[in-house]
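Based on the sequences and whatever the hints tell you, model everything.
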Amino acid sequence: DLNPHKIPAPRRQTPHPASRIPPDRRRRRRRRRRRASSPPASNAQRRGGEAWLRRGGGAGKSPPRMCVAVAVLVAGTVWLCASSAGFMGGPYGGYRVQSMQWKFKDVDVNKLWTTAGSNGWRASSAPRSYWPPPPAETNGYLRVRCNGGLNQQRSAICNAVVAARIMNATLVLPELDTNSFWRDKSGFPGIYDVPHFLKTLKHDVHIVTSLPGIMSKGKTKKLKAHKIVPPRDAPLSWYTTLALEEMKKYGAIYLTPFSHRLAEDIDDPELQRLRCRVNYHALRFKPHIMKISNEIVNKLRSEGHFMSIHLRFEMDMLAFAGCIDIFTPEEQKILIEYREKNFAKKILVYKDRRIIGKCPLTPEEVGLILRAIGFDNSTRIYLASGEIFGGDRFMSPFRAMFPRLDNHSSVGPEKLEENTRGLAGSAVDYMVCLLSDIFMPTYDGPSNFANNIMGHRLYYGFQTTITPNRKALAPIFMDREEGHVTGFEDRVRKVMFNTHFGGPHKRIHPESFYTNSWPECFCHMNPMNPSDQCPSDDPHDVLGGQLQNEEIEDVDLKTTDKI
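Take the sequence shown: its position 227, counting from 1, is numbered 227 in the UniProt record's numbering, and each next residue is one higher.
Incorrect hints may appear among the rest.
20 Å max Cα-Cα, derived EDC-like pairs, lysine to aspartate or glutamate [as the list claims (entries may be wrong)]: (1) Lys-299 - Asp-406; (2) Lys-471 - Glu-489; (3) Lys-358 - Glu-340; (4) Lys-249 - Glu-137; (5) Lys-358 - Asp-325; (6) Lys-299 - Asp-437; (7) Lys-471 - Asp-437; (8) Lys-358 - Asp-316.
Don't read these hints as lab results, they were simulated from the structure. Small disclaimer: the values here were computed from a predicted structure and weren't measured.
Below is the structure:
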């Protein structure tokens, strides 16, 4: 019988004389015979074995068995991760490239022009538990000054609404800092649609456009807010204790500066969803900004797909990063002076910064990445950037690879520059990048613009985003600069296709909530977990329904009291 799975019946044998020897003596004999037949161990081997025993390896197992066990465990873990990683929008979004088999030539780059796979998820910032309307009477007024650029201010506005909610405060329309960089005094009413902002958040917080007047000695004076400098990334408890006490004492508080003054990680999904309602629903740009943005998008899309790139190769970011060695002595002097004037003193070494991915990609590196992925010179690209530091010397190699480059000045309507200075110009770039078929940041992390765009595109429907891993790409580019070009494009592709391309994925520190609001601001259409169940499409329907139910209950209660 040749069946390998059949166990043969045991055969009867005459007992061997040795079987009458006690078992412990037999074991000692066998060990002596093995030692006699094996070559003597070297001193190095003995020392290695002794070290292994000191590490606890002698607990009933031999080193070879331990190695085999570890190898099997590692192999099983790798296989499991490779087979299951596709769920959360692995490489290539919904059209995943197998991470264990890099078949770069089989990748259809045209699929990147479509949205990434959603895996059944969709955006939803509507409450999923009881969310009462703000009380008629509040504890006082909250005034904030949002400093920084447009997108830093945008995040601050979201935080201000959350702070007002947890303090039961009336929020005064946030002030936008008119700093020396923007030289823009348009403020909140000049950038955002104020009536839409007030209407969208009416179920969340009370908002007024200015502090009210108070009577003092027969005269009406504006209520003066008590100034407080809030700590960076303050916890919720700071607002509900110290800040609230000051508000009750003075009637109004003024928090300035208000950039990154509320912790991003909040262990309350409903407050995180409130942030999303502010960021993706309430903050709508004014009609003239939306009109200009739509005109640019329609013009770019009239000839097919287009890609937007946030080319963050500007003086302030280069000085901040400390990446100056590639510039001329005169340019280096400018960057050093800017850094000393605007940032904390710190010794930064260019090579050290670059190898850990802290340097912005150069325009040429951006072009090489796109070409390695498979985009050709017919690709239309919209550049969202300020003045490129170093000028045409750095832009020429990029333009040679991708000549169809535009920005809001070259492709916009006539007299566009008059309408797009300062914050308004950044707002136009924001909308064009949001609506583009593909978005590529070249320096995320400290860039609030890139972070907010990536988060908004994720919420907007998993729009494709190409996110270069600068740390993984740095040694590849450094090898190329030293003349080692063999396999360059394959190495770049291996890095670039190992990303989620804008699909749903778990937020891992240091990724910002404003970059990835999954899972708090998303729901599943066929959930395994009931908490992921999708509510109404419109958050106002949910909030309005709750408010209506409360009003009905109040009417019933009053009727019962009369009876």
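Right, here's what the structure says about each hint:
Taken as a hint, the Lys-299 and Asp-406 pair is honoured in the structure, with Cα atoms around 11 Å apart against an allowance of 20 Å. This hinted pair checks out: Lys-471 and Glu-489 have alpha carbons roughly 16 Å apart, not beyond 20 Å. A hinted pair counts as satisfied when its Cα atoms are at most 20 Å apart, and Lys-358 with Glu-340 qualifies at roughly 18 Å. Restraint check: the Cα-Cα separation between Lys-249 and Glu-137 comes to about 16 Å, which is no more than 20 Å; the hinted pair holds.
Between Lys-358 and Asp-325 the alpha-carbon distance is near 14 Å, which keeps this suggested pair within the 20 Å criterion. For the given pair, Lys-299 sits about 14 Å from Asp-437 by alpha-carbon distance, which is consistent with the 20 Å threshold. Taking the CA atoms of Lys-471 and Asp-437, the gap is near 26 Å; set against the 20 Å cutoff, the hint is violated. For the suggested pair Lys-358 and Asp-316, the alpha carbons sit about 14 Å apart, so the restraint of at most 20 Å is met.
Against the hints set out earlier in the document, a violation occurs for number 7 only.
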